[in-house]
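Going line by line, the protein sequences match chains A and B. Oh and the first sequence: position 89 is 89 in the numbering used here, straight run, nothing missing. Oh and the second sequence: position 238 is 238 in the numbering used here, straight run, nothing missing.
Derived from the structure by calculation, the hints contain no laboratory data. Everything numeric in this text was worked out from a predicted model, so none of it was measured. Possibly wrong hints are sitting among the right ones.
What follows is a list of derived Cβ distance ranges for each label pair [said to hold, decoys possible]:
1) B/K260 <-> A/D24: 16 to 26 Å
2) B/S373 <-> A/L43: 32 to 42 Å
3) A/E64 <-> B/L385: 32 to 42 Å
4) B/G231 <-> A/T15: 22 to 32 Å
5) A/P40 <-> B/F292: 24 to 34 Å
6) A/N71 <-> B/D318: 39 to 49 Å
7) A/N71 <-> B/V108: 25 to 35 Å
A few chain A residues that don't get close to chain B, going by computed Cβ distances all over 10 Å [as the list claims (entries may be wrong)]:
8) P8
9) Q12
10) A19
11) D36
12) G51
13) N58
14) S63
15) D65
16) D70
17) S83
Glycine is no exception: its CB is placed at the ideal position from the N, C-alpha and C atoms.
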Amino acid sequence: MAVQVLIPTPLQKFTNDEASVSLDASSVDALLQALDGRFPGILGRLCDENGKLRRFLNVYVNSEDIRFLDNQTTALADGDEVSIVPAVAGG
Amino acid sequence: MTATLSRSTFTGLRCKECGQGYEATARHVCEDVCFGPLEVVYDYEAIRARVSRATIEAGPVSIWRYREFLPIEGDPIDVGTGFTPLLRANRLAKRLGLKELHIKNDGVNMPTLSFKDRVVSVALTRARELGFTTVSCASTGNLANSTAAIAAHAGLECCVFIPSDLELGKVLGTLVYNPTLMAVKGNYDQVNRLCSEVANTHGWGFVNINLRPYYSEGSKTLGYEVIEQLGWRLPDHIVAPLASGSLYTKIRKGFDEFIKVGLVEEKPVRFSGAQAEGCMPIAQAFADGRDFIIPVKPNTIAKSIAIGNPADGPYAIDIANRTGGTISAVSDDEIIEGIKLLAETEGIFTETAGGTTIAVLKKLVEQGKIDPSETTVAYITGNGLKTTEAIASSIGEPFLIEAQLDSFNAAWERSQSLHRTSTERVD
Chain A
1 MAVQVLIPTP LQKFTNDEAS VSLDASSVDA LLQALDGRFP GILGRLCDEN GKLRRFLNVY
61 VNSEDIRFLD NQTTALADGD EVSIVPAVAG G
Chain B
1 MTATLSRSTF TGLRCKECGQ GYEATARHVC EDVCFGPLEV VYDYEAIRAR VSRATIEAGP
61 VSIWRYREFL PIEGDPIDVG TGFTPLLRAN RLAKRLGLKE LHIKNDGVNM PTLSFKDRVV
121 SVALTRAREL GFTTVSCAST GNLANSTAAI AAHAGLECCV FIPSDLELGK VLGTLVYNPT
181 LMAVKGNYDQ VNRLCSEVAN THGWGFVNIN LRPYYSEGSK TLGYEVIEQL GWRLPDHIVA
241 PLASGSLYTK IRKGFDEFIK VGLVEEKPVR FSGAQAEGCM PIAQAFADGR DFIIPVKPNT
301 IAKSIAIGNP ADGPYAIDIA NRTGGTISAV SDDEIIEGIK LLAETEGIFT ETAGGTTIAV
361 LKKLVEQGKI DPSETTVAYI TGNGLKTTEA IASSIGEPFL IEAQLDSFNA AWERSQSLHR
421 TSTERVD
């Protein structure tokens, strides 16, 4: 199940400057692990010591915030697009 | 360059969460450690040595009278932004039962009639210093107006992004400056996500993304001005609208900095915040006693503050709790009543965000959460002429008459009887 992940600029130093990577994963949690398998160390940036996504990071599956889905247990399907976006100011 | 550099009082950026330091470039998140937001760091000893009440009072009649507190190195883009009226609102105070109420009226800010001119003046000055030739933003409307206008003045290329369902006044008020305007089919949070992705791939200065640390500092001037305009004293209580929570936290920072450098005597100030019930993620977290935000999908007429995933929400909750303030929400009907109340009592026509602030102010007084004896300041952040749709069906109609005295007299009599039954006079 190939999923496309959009990598924000600050994390591209882990991905050899690639802005988008393709990975196999069946859930957001599995995707985070797969990312770290490919790019060791990236998980420590994305998640705190308990494995929870840092509170200033937003993760979207096909444009939907995972907090409106099943958070980190949100299931992923072939062709899904996952976007990792640091929080920004508004208005 | 050395001469201009020595004028700057900021030394770099620092993560608000973990304290990690960064150079003062175009970046907004703590990429080496925790993804927390970055903030500008200043040399307050240098500021204290250079600034006094007298030097500020002798400065330009704009936000740039406070330039030592703002993160720029050279000459600012000064389009007359800031130093908007602080109005003693006696009639509204009397209506609400308050002793001393002031309205900080950024609905007449320059050049685009909202507080956003403050943040954009700072962000574009810094963008130019960092070498950007194209600037951009994700906006609920006011920020788009301001970015497009000030970019035009500064001769910068501009591409801005808005949700496609914005009020006509906000769309026209952007297009007239001839930027490239992207109306995105989605809500503000979706626009923001898209812009973050664009920011990754285009070398643009996004005022609310990679320039955010500089941008947000502009809001501090709303704190400084209130202190100066109150005669160099702090109020007891402030009420401000909450969208991302940035403005509210920066007013606090403005107060704290003036205390720190000895420009004003320290005293407690209670911070209360206003949201619309149709988008109240911060008010809900406050009510639940949470320190984290659960995002919502906005559905309110108060579009300028309809941010379902507010980045500075946790900081806003912390300030409200620490200062003994309240974060509260009101319905769309109450927002319209708030707009009308401010207009009828003080002659100020604000947009929906201002209506939200006035409606929450009224509610907090009624609930005893604002003491009648407190010196209170309500922040009005935008102009009503941009969101006329919101009130079009709630403010009556003109009397259509013939150009004859009889026709006028009949209509006048009708108007007087309507007036007697519908309004309660306040003198």
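These are the hints, each one checked on the structure:
no. : hint                         : verdict
1   : B/K260 <-> A/D24: 16 to 26 Å : violated, 53 Å
2   : B/S373 <-> A/L43: 32 to 42 Å : violated, 54 Å
3   : A/E64 <-> B/L385: 32 to 42 Å : holds, 36 Å
4   : B/G231 <-> A/T15: 22 to 32 Å : violated, 56 Å
5   : A/P40 <-> B/F292: 24 to 34 Å : holds, 29 Å
6   : A/N71 <-> B/D318: 39 to 49 Å : violated, 23 Å
7   : A/N71 <-> B/V108: 25 to 35 Å : violated, 44 Å
8   : P8                           : violated, 6 Å
9   : Q12                          : violated, 8 Å
10  : A19                          : violated, 6 Å
11  : D36                          : holds, 16 Å
12  : G51                          : holds, 15 Å
13  : N58                          : violated, 7 Å
14  : S63                          : violated, 6 Å
15  : D65                          : violated, 6 Å
16  : D70                          : holds, 14 Å
17  : S83                          : violated, 6 Å
Of the numbered hints given earlier, the model fails hints 1, 2, 4, 6, 7, 8, 9, 10, 13, 14, 15, 17; all others are met.
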